[in-house]
Amino acid sequence: MEFSDQCSTLGEVPIGCDVIVKRLRHSVPGVSTRLRELGICENATILPLLRANGNMICVVNNMRIGIDESLARAILVTPRLHHVSA
Amino acid sequence: MRRRGEAVPSRVVAFIGNPNSGKTTLFNALTGLRQKVANYPGVTVEKKEGRLLLPDGPPVLLIDLPGTYSLTANSPDEQIAVDVLLGRTDHTPPPQLVVCVVDACNLERSLYLVSQLLDRGIPLVVALNMVDAAQHAGITVNSRILARELGVPVVPTVATKRGGIQELKSAIAQTQTASGRGNQWRLPEPVERETDELMALLHQHHGIDGADAYEAAVGLLSGESVRIDEEHRYVDEIRRHVHRDHQKLDFLGFDRRSVFVESRYQWIRRICREAVQQRGSHERNLSDRIDAFVTHPFWGMVVFMGVMALLFQSIFTWAQAPMTWIHDGFDALGLGVAGLIPPGDLQDLIVKGAIGGVSAVVSFLPQILLLFFFIGILEDSGYMARAAFIMDRVMGKVGLHGKSFIPLLSSFACAIPGIMATRTIESPKDRLATMLVAPLMSCSARLPVYTLLIAAFIPPVTVLGLFSLAGITLLSMYLLGLVAALASAWLFKKTFLKSPPPVFLMELPQYKIPSLKSVVLHMIERAMAFLQRAGTIILGASIILWFLATYPKTPGTAPSENLQHSFAGMAGRVIAPVIKPLGFDWKIGIGLVSSLLQREVFVSTMGTIYGINTAQGEQERTYLGDRMRADKDPATGKPVFSVLTAICIMVYYVLAMQCLSTVAVMRRETNSWRWPLFQIGYMTALAYLVTYAVYRGGLILGLGG
Numbered sequence: 001m002e003f004s005d006q007c008s009t010l011g012e013v014p015i016g017c018d019v020i021v022k023r024l025r026h027s028v029p030g031v032s033t034r035l036r037e038l039g040i041c042e043n044a045t046i047l048p049l050l051r052a053n054g055n056m057i058c059v060v061n062n063m064r065i066g067i068d069e070s071l072a073r074a075i076l077v078t079p080r081l082h083h084v085s086a
Numbered sequence: 001m002r003r004r005g006e007a008v009p010s011r012v013v014a015f016i017g018n019p020n021s022g023k024t025t026l027f028n029a030l031t032g033l034r035q036k037v038a039n040y041p042g043v044t045v046e047k048k049e050g051r052l053l054l055p056d057g058p059p060v061l062l063i064d065l066p067g068t069y070s071l072t073a074n075s076p077d078e079q080i081a082v083d084v085l086l087g088r089t090d091h092t093p094p095p096q097l098v099v100c101v102v103d104a105c106n107l108e109r110s111l112y113l114v115s116q117l118l119d120r121g122i123p124l125v126v127a128l129n130m131v132d133a134a135q136h137a138g139i140t141v142n143s144r145i146l147a148r149e150l151g152v153p154v155v156p157t158v159a160t161k162r163g164g165i166q167e168l169k170s171a172i173a174q175t176q177t178a179s180g181r182g183n184q185w186r187l188p189e190p191v192e193r194e195t196d197e198l199m200a201l202l203h204q205h206h207g208i209d210g211a212d213a214y215e216a217a218v219g220l221l222s223g224e225s226v227r228i229d230e231e232h233r234y235v236d237e238i239r240r241h242v243h244r245d246h247q248k249l250d251f252l253g254f255d256r257r258s259v260f261v262e263s264r265y266q267w268i269r270r271i272c273r274e275a276v277q278q279r280g281s282h283e284r285n286l287s288d289r290i291d292a293f294v295t296h297p298f299w300g301m302v303v304f305m306g307v308m309a310l311l312f313q314s315i316f317t318w319a320q321a322p323m324t325w326i327h328d329g330f331d332a333l334g335l336g337v338a339g340l341i342p343p344g345d346l347q348d349l350i351v352k353g354a355i356g357g358v359s360a361v362v363s364f365l366p367q368i369l370l371l372f373f374f375i376g377i378l379e380d381s382g383y384m385a386r387a388a389f390i391m392d393r394v395m396g397k398v399g400l401h402g403k404s405f406i407p408l409l410s411s412f413a414c415a416i417p418g419i420m421a422t423r424t425i426e427s428p429k430d431r432l433a434t435m436l437v438a439p440l441m442s443c444s445a446r447l448p449v450y451t452l453l454i455a456a457f458i459p460p461v462t463v464l465g466l467f468s469l470a471g472i473t474l475l476s477m478y479l480l481g482l483v484a485a486l487a488s489a490w491l492f493k494k495t496f497l498k499s500p501p502p503v504f505l506m507e508l509p510q511y512k513i514p515s516l517k518s519v520v521l522h523m524i525e526r527a528m529a530f531l532q533r534a535g536t537i538i539l540g541a542s543i544i545l546w547f548l549a550t551y552p553k554t555p556g557t558a559p560s561e562n563l564q565h566s567f568a569g570m571a572g573r574v575i576a577p578v579i580k581p582l583g584f585d586w587k588i589g590i591g592l593v594s595s596l597l598q599r600e601v602f603v604s605t606m607g608t609i610y611g612i613n614t615a616q617g618e619q620e621r622t623y624l625g626d627r628m629r630a631d632k633d634p635a636t637g638k639p640v641f642s643v644l645t646a647i648c649i650m651v652y653y654v655l656a657m658q659c660l661s662t663v664a665v666m667r668r669e670t671n672s673w674r675w676p677l678f679q680i681g682y683m684t685a686l687a688y689l690v691t692y693a694v695y696r697g698g699l700i701l702g703l704g705g
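Keeping their order, the protein sequence lines are chains A and B.
Using our numbering, the letters of the first sequence correspond one by one to residues 1 to 86.
Using our numbering, the letters of the second sequence correspond one by one to residues 1 to 705.
Chain A extracted, bound-state conformation:
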């Protein structure tokens, strides 16, 4: 699977920029499953709302989710404007 050159981690995305999830790479398998079940799955759109002490609040499918730094680093995303469907 090829990724756009614009790929980064969710933790690096500026607040207010819509991004598309490209891949989940958390080392614990159950965590990635949990993320997917909550709607943070490949090709989902995430909007980071704010960042506080390393934790983030994002909007996914109209749902507000709090995630910590380690999860934000495990979610690879690409900016929505540059997303090209496979």
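The set of hints was computed from the structure by calculation and includes no laboratory data.
Treat the hints loosely; a few may be bogus.
Stated by the list, open to error - Here are some chain A residues pointing at chain B (derived, C-beta under 7 Å):
1) Val31
2) Glu37
3) Cys41
4) Glu42
5) Arg64
6) Ile65
7) Gly66
8) Ser70
9) Leu71
10) Ala72
11) Thr78
In this text, a Cβ means the ideal position worked out from N, Cα and C, and glycines have one as well.
Given the structure of chain A, go ahead and fit chain B onto it with the hints provided.
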């Protein structure tokens, strides 16, 4: 339990849905006061049942299952929801119909669970809740299109205003069978082919079929190849087949870990494109503006501390008057009963043993009610999730999840509801660590001990012209407990409770005006659970301790002398050599023994020893302080109590496990005696060692004597 004359329910209907979907509010609206709360056998998850009266026909038994995001359980709550739903339990009949409550504002996420329920082929009704909030947010859901796409009845509801209740009752009455449309979402063709083949093998070799076979096949195909070899429950042929499937699907470019979930969401997104109209993309709303403030690194902490201060104020100040009324009420009851029964052992047993014991439990009720009221307000408003978000950083430093702070907070009133509140923590090790340290938070039962000793022994001086030394001492005791709890949690998570660092992943619901009815109902439920659990234990224990403090009787002696020669007095003398290094004598030993029932009993025990009836109020407790200060050891002539002794007693009470009720609840929550006994052991050792260090340090500094 069915009341006499009540009709037998014709069907069992389960309520399921994501957390924060309004499921319980809808359940309450349908059942009213016809509810019963108990526990699922063998687990500490609450079982909530109610009867739904339909216009025609017999009533229906509704079961309110714990909220879950999917049928993949991640916590005890979610596991019981799945087990009951799928009929895997002996104690609860499988439901003949499921009502899935979905949040109209979060339809995409909610439909994930609906898709899994459709897979199972269980008759289903979807309650599309909070449609008013959705419309306010610019989201319009066409329930007819949604029903057509899902193949099940969809009933729009507004649970807080009882909107759609009659329509939902009709749908429940009329829906008897599954829609028969089953799996409506499709996997990519190669993936579907491999899944079907694997399911056939699972059926052939292990007798697994239907949705269970599908679930097993998904788990095998999406799992790591190296872990498949560890799946010894499956025959070699299946493991070889799975390895080949992994190679095939990887070669074809499918991400095996995500294709199953992604396929469901593709189907969900297609449905939402048909059924949902949304005004624009996410717009900054009131919840966003509030979050920017309450989660701010500085202002967020200010708000948090303010909320906590208000909570503490309510528990320790506003509850005092009703607690006094309850005490006075039970004192009057005791006097009344004493008037009816001639003086003697029976009167003592009933008045001092039973009534005294019940009074000890019920007197906590105002604090418990206020605690749960405020926690209910914070949860229902949406703030509690933000508090967990803020505290996650602090909790994370000791290896705990942000959610752990809620049980620890509750433990400032009483550790019993605190321990019970840990059931929402997903990781078993995090949950156990939180339960083990919760009693270290200084509960309200310790406060009378602190206030007696601080008033009697801490000089009334002011520090820096602003703060009283008494206030600083009191705060120090609370901080000591908090620090000990966090340090102990850190140690446990580094050693025998080691686990991967918890990840913070939590839905933060929209802020809303809390529903007073829901909060009050919840408050009453929690309080009744507390009374039932603590009351039965404390009543029994108080009778035992009354016996130990009364017998053997020495006729014609004062109560203080009788106490000294009682079994409790003997126990105090037996442990005197053990507690002497802490600066404690046998009188304090009796106090420690009697505190096993409830820590505040230390005050009345000291009162008995020094011939003061502390129940008569503040004035009497002041006299007690005078007597304690004046008491001298006849052998050495030195004061029995000093500033240092008082501090050491308080430190011991901060750290020691002295509450039998908490031990009993711990036993129940962990389903074994191992952890309660470990808890008693480590807290006693901690209390002893720290008190010893404080005493020795105090002597060096010249504080003793």
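Status of the Leu71 of chain A interface restraint (C-beta, 7 Å, chain B): Result: holds, 5 Å to nearest chain B Cβ.
Satisfaction of the Arg64 of chain A interface hint, Cβ to chain B closer than 7 Å: holds (4 Å)
Hint status (Cβ of Ala72 of chain A to nearest Cβ of chain B, threshold 7 Å): It is violated, given that the least Cβ distance between Ala72 of chain A and chain B is near 10 Å, above 7 Å.
Cys41 of chain A as chain B interface residue, shortest Cβ-Cβ below 7 Å: Where the cut-off is 7 Å and the nearest Cβ of chain B is about 5 Å from Cys41 of chain A, the hint holds.
Restraint satisfaction for Ile65 of chain A [CB to CB of chain B, less than 7 Å]: At 6 Å from the nearest chain B Cβ, Ile65 of chain A passes the 7 Å test, so the hint holds.
Interface hint outcome for Glu42 of chain A [beta carbon to chain B under 7 Å]: holds (5 Å)
Hint validity - Glu37 of chain A Cβ closer than 7 Å to any chain B Cβ: Because about 4 Å separates Glu37 of chain A from the closest Cβ in chain B, which is inside the 7 Å limit, the hint holds.
Given hint Val31 of chain A near chain B, where the shortest CB pair must fall under 7 Å: holds (6 Å)
Restraint outcome when Ser70 of chain A is required to lie within 7 Å of chain B by C-beta distance: Given a least distance of 6 Å, the restraint on Ser70 of chain A holds.
Hint check: 7 Å Cβ-Cβ cutoff, Thr78 of chain A to chain B: violated (15 Å)
Proposed interface contact between Gly66 of chain A and chain B, which counts if any beta carbon pair is under 7 Å: holds (4 Å)
Checked against the numbered hints given earlier, this structure breaks hints 10, 11; the rest are met.
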